[in-house]
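Participant: Residue-level listing of the chains:
Number of protein chains: 10
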Amino acid sequence: MTTRAELTEKIVAHKTFNDIKWADVAKEVGQSKEWVTAALMGQISLTKEQIEKAGNALKMNFSDEEVALLMTVPYRGSLPTAVPTDPLIYRLYEVVNVYGTTMKALIEEEFGDGIMSAIDFTMDISRTPDPKGDRVKIVLDGKFLGYKTF
Amino acid sequence: MTTRAELTEKIVAHKTFNDIKWADVAKEVGQSKEWVTAALMGQISLTKEQIEKAGNALKMNFSDEEVALLMTVPYRGSLPTAVPTDPLIYRLYEVVNVYGTTMKALIEEEFGDGIMSAIDFTMDISRTPDPKGDRVKIVLDGKFLGYKTF
Amino acid sequence: MTTRAELTEKIVAHKTFNDIKWADVAKEVGQSKEWVTAALMGQISLTKEQIEKAGNALKMNFSDEEVALLMTVPYRGSLPTAVPTDPLIYRLYEVVNVYGTTMKALIEEEFGDGIMSAIDFTMDISRTPDPKGDRVKIVLDGKFLGYKTF
Amino acid sequence: MTTRAELTEKIVAHKTFNDIKWADVAKEVGQSKEWVTAALMGQISLTKEQIEKAGNALKMNFSDEEVALLMTVPYRGSLPTAVPTDPLIYRLYEVVNVYGTTMKALIEEEFGDGIMSAIDFTMDISRTPDPKGDRVKIVLDGKFLGYKTF
Amino acid sequence: MTTRAELTEKIVAHKTFNDIKWADVAKEVGQSKEWVTAALMGQISLTKEQIEKAGNALKMNFSDEEVALLMTVPYRGSLPTAVPTDPLIYRLYEVVNVYGTTMKALIEEEFGDGIMSAIDFTMDISRTPDPKGDRVKIVLDGKFLGYKTF
Amino acid sequence: MTTRAELTEKIVAHKTFNDIKWADVAKEVGQSKEWVTAALMGQISLTKEQIEKAGNALKMNFSDEEVALLMTVPYRGSLPTAVPTDPLIYRLYEVVNVYGTTMKALIEEEFGDGIMSAIDFTMDISRTPDPKGDRVKIVLDGKFLGYKTF
Amino acid sequence: MTTRAELTEKIVAHKTFNDIKWADVAKEVGQSKEWVTAALMGQISLTKEQIEKAGNALKMNFSDEEVALLMTVPYRGSLPTAVPTDPLIYRLYEVVNVYGTTMKALIEEEFGDGIMSAIDFTMDISRTPDPKGDRVKIVLDGKFLGYKTF
Amino acid sequence: MTTRAELTEKIVAHKTFNDIKWADVAKEVGQSKEWVTAALMGQISLTKEQIEKAGNALKMNFSDEEVALLMTVPYRGSLPTAVPTDPLIYRLYEVVNVYGTTMKALIEEEFGDGIMSAIDFTMDISRTPDPKGDRVKIVLDGKFLGYKTF
Amino acid sequence: MTTRAELTEKIVAHKTFNDIKWADVAKEVGQSKEWVTAALMGQISLTKEQIEKAGNALKMNFSDEEVALLMTVPYRGSLPTAVPTDPLIYRLYEVVNVYGTTMKALIEEEFGDGIMSAIDFTMDISRTPDPKGDRVKIVLDGKFLGYKTF
Amino acid sequence: MTTRAELTEKIVAHKTFNDIKWADVAKEVGQSKEWVTAALMGQISLTKEQIEKAGNALKMNFSDEEVALLMTVPYRGSLPTAVPTDPLIYRLYEVVNVYGTTMKALIEEEFGDGIMSAIDFTMDISRTPDPKGDRVKIVLDGKFLGYKTF
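Residue numbers (the numbering used here), protein chains in the order written: chain A, 1 to 150; chain B, 1 to 150; chain C, 1 to 150; chain D, 1 to 150; chain E, 1 to 150; chain F, 1 to 150; chain G, 1 to 150; chain H, 1 to 150; chain I, 1 to 150; chain J, 1 to 150.
No wet-lab data here; the hints were simulated from the structure.
Each hint should be verified, as a subset may be incorrect.
To be verified - Covered stretches of chain I, going by a simulated chain J footprint (3 or more residues, C-beta under 8 Å):
hint: 1; region: 38-49
hint: 2; region: 60-74
hint: 3; region: 84-97
hint: 4; region: 100-107
hint: 5; region: 113-119
hint: 6; region: 130-144
Built from N, CA and C at the ideal position, the CB exists for glycine as well.
With the hints as constraints, model all of the structure from the sequences given.
Facilitator: Pasting the structure below:
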């Protein structure tokens, strides 16, 4: 039996070997590159049609078993440990660890008591040219959900 | 002896009781509200002058011992546990946990192998009005640092 | 050798691929959808008759080895980590983490010192229509068991 | 300095010693017993007016420092460990641990991919008389939030 | 403020210094030595009358604050870590760790699927004389609770 | 290669499918049902003769590789996590967690400083009929071992 | 209130400041230096007489509260974390971690299935002169306890 | 692919089935039984000559792949968890946990600040006959390494 | 499917068996021995050309699947546990654990508040002959990155 | 009672407030800045003379209790968690986590099986001017200790 984690590794290695871009897969599927990448990384389920389109763009023929895995709503969570060891991902965790209480203080001052949704949520990752070295810009955009009294 | 954590609690409770805004403290100190809040939450050190200005805005008289604590470069990390229990902060951790490998894939595709700096880094938190419910917008902006061969 | 965890994955992926509903499997087996789903997710053992009926509804032929696994009382626990990473399940954990001491205080005030049984226990999951967005309603119903003096 | 945790202990011990009911405090404050108990257990912030009313019902005079603590939005999380050791609270954790994937499967089948909100959320705890032993009924009621494609 | 943990330490040290037996405290309180010891170790709440009797037997005058702590239903759990470091308690944990699946197999074979209650439960600790060295006999006696189908 | 854990699963599933009782295997092997179950669950090594008898009772033919595994003194420990998730086994852990310091206090009062051996140790699991619901009785019986001064 | 941990720190710092040897305290108390050091480090209880003698040797006057703490059988375990961070103690942990299965294999080959007691146990720490650098010799000496069939 | 852990299991089961002694393998290899057992348990690398001799003594023909694994310096650490669950190995861990600070105090008093090497280190495991029950004697013998000022 | 971890094991065992030096592989690839070893240990991605050269030096023919794995940017992190068990690697962790706050204090005194980059970073490992025993010299060299105010 | 951790905090805050350099304290004490900083950060014990000199340089009068703490060999380990949260220290941990197996491979290839001592060890931290941004250079220099056969 193939697991979803193994399928993810297979897709990523195939994509690297054949030098295919996530953006090109995304264009074929018809969603943003962020959403399609997350889906193929095993965090979002796809429909049969989306899987077929992704397969075309990736030049992979998914077996029925693989299609079933890609259709199933996954048990989300993409990291092998609670504290990530990969430096790129750790830097994001570090931002939450160091600035988490700051973000909480500022969001609550602006909006009142509540949270930023991680479900009604989009993200956008882009490059900002800068003469001192280009910058990564990550925009997290989620609906504010306020606690209700009950 | 007062600890830095106790001083943070004291500042936050005093601010809440007297209904002072972080933005007003920030204006007095002359830095962004994100930076000043992080400093007073115990993640960034302040100079004597900044401490005096912050004290004025907060209407608090800091003792010499408290000034010394605010001047000391802190052992950074604002959360009591590796996985945060506070829902607002957890949602940010969830974004990293679920979409971390996606962010890694997209940043590496765009920039090559490397990371987004969490040091040469700024963040901006703002409100986006939306008829379906206002949204929280968090912009993380860090310099791309590429791995070198050596 | 197949493990119970692998069999669970196989059943779920097969069900998704063939678009079969838990409620239809449950009707065939003759128990609630909550109970049958939990059993097929590897948390409750089934009899040979129930396995046969479930197999019919799922259009799967279970081998003797698979039947033996489904008959065995499982080592219960359906999550890979103590703190769940899947957002849907995390929200339930968050309720316990944030409101756990509140539930304890209120149950003890109403009933005296004791617990709500998680064994003599049923649950019911349903949809409540709501113009502001439908709601998930989860009813946990367990016998109160009081501590005895001894 | 008093911490919020110490204040919680003080309120609970005082309440027990003087045999005051959460429901009576709640009636004075004008919210449900679930909400008021959670607030006094340190999970929700209160306004000055609510604190004054709660103080009257509890026959406690809160100092300015205590009022400031009760007004501050807390770092939520009421349990000292990730896996609770108290049997009453553990049983709730056990429900999530054993039936979590079942709840996920049934909510996703009914609603599509998404979660039950733990913010736009109420709970109700009540007693159901039963000749075989009264039962605890916990109703968790949260808005369904569906994942969006982006 | 005194915490329940500090009060437990105070009671135990006082008892040791004055050479008082748990059995004598239990006789005065009118419950078994197992129950009274557990209560004074901070795992069970006592009534005002029981606290007064225990105070007499221990020759301690409890303050109102201490009485309130002893009356409050505790957050149960008497060990500082998930795996106990004290050898006497570790040996009990070892029995669960090594023989846990055996106990599960035998209880389920005898009773069907279910558990031994740890609430409707008593324990008895006694000494069995033995020429090769006296033995500790611990009897755990709990009601069987069977899983229901639902 | 088969591992001991896989062999345990195979034995248990085979036993369930064929409706064989541990007590019958034990009678054939000539030891108590507690000891034989623990051995087949992978916690005690067996001799070639005992393995042959157990194989007869279970109607299984063990291969040489399987016999070797059953003969090897195992690395003991039957639970996948430090805190068990299975409710039956958790209840036993809960007894240790809640009443551990009580057991320590009473054993030390009766015997002096020392432990109950978990090696020179037997256990007995039986059913006590009770009109209010039958009870599980677990007797743990271990030699007292006193600390020596040295 | 003083805790046992604080008393341990006080004894060690006092001993260091006044340049007193464990061996001299041990001679006064009349036990080995290993036993007396372990007792004063908080791992073994002392009698009133032993405490008085130790106090004399250390030139410390223990208060009644301190005597009570020293008399109480401690919750054993001298390390703040499961994996020790102090290099001297870590090296001992490393020996267990790296050579643990080797020790198990050799003890079981020599004695049969069982353990080395850590209760009926002594240890001796001494210096072996060596021209290439003196050596630390630690002798652990415990009774073999064999598993019984039951 | 075979892993080193699987090869260790294979060697141990083969040795048990064929009733071969570690001491006999050690004699053939020409090192102590402690060293050879540790090597075959996966903690020390062997040369081709030593592997050939060990294979003769064990009556096993190692494949080239297996020889390569036995030649590779291993990632040391023989236990599956930080706190061992096997009782024999746990007792050794318990000695470190309970007496660790005692060993530290005595070694530092005798030698000054430093450690006992776990590299320039030997161990010897032997049986001491004793009418009250034979004893296990473990001698740990490591070079003292003193901290240098720098 | 081969995983990257399995491929790492295969390369290392092959290299050991055939007595090939990392330095020779590095010379063929045209980078430092530190960089090439890290890449083949699974921490850095290689180009097709580098993989071909490394394969020549190692006398291994990598399959397309293996080439794809070696080309993919890895999820970095080379240790199986947060605290390493291997003594060589543990010593490096110990340096960070014991001297980490010292390094922080000295770097911040010299440079101001900031970090040493682990990305714009090289390391060099060499042998220093010494009559008292040769020494390992590890030079870590990273760009200083200062926190910016924002 | 003051703890060593509190004394460390007091020294660091005093030093920051009065703008004293570690290098100046080190010159007064007569050791390297690395050694003296580590000692005052609580990782190395000092003699009475060294403490007096450090006190002069820091313009602090240490009480007898504080002198005793500074003289006592500390339980080493300067970080509050196994994985450091402070970014500067985390980067060092990251180097060990990512490149640990590489360092192991290269040291073992050069020296044979063994370790770099963390006891017979010095470190040196310095600034390397660089037009692209100054660099931090950390030199770790430890004696190689080879495993012996035994």
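Participant: A separate judgement is required for each hint: does it hold in the structure or not?
Facilitator: Okay, the hints, checked on the actual structure:
1. 38-49: holds (count 3)
2. 60-74: violated (count 0)
3. 84-97: With 12 residues in contact (Cβ-Cβ under 8 Å with chain J), the coverage given for the region 84-97 of chain I holds.
4. 100-107: holds (count 8)
5. 113-119: Since three or more residues must qualify, the claim that chain J covers the region 113-119 of chain I holds, with 5 doing so at under 8 Å.
6. 130-144: Coverage by chain J holds here, the residue count being 14 at a Cβ distance below 8 Å.
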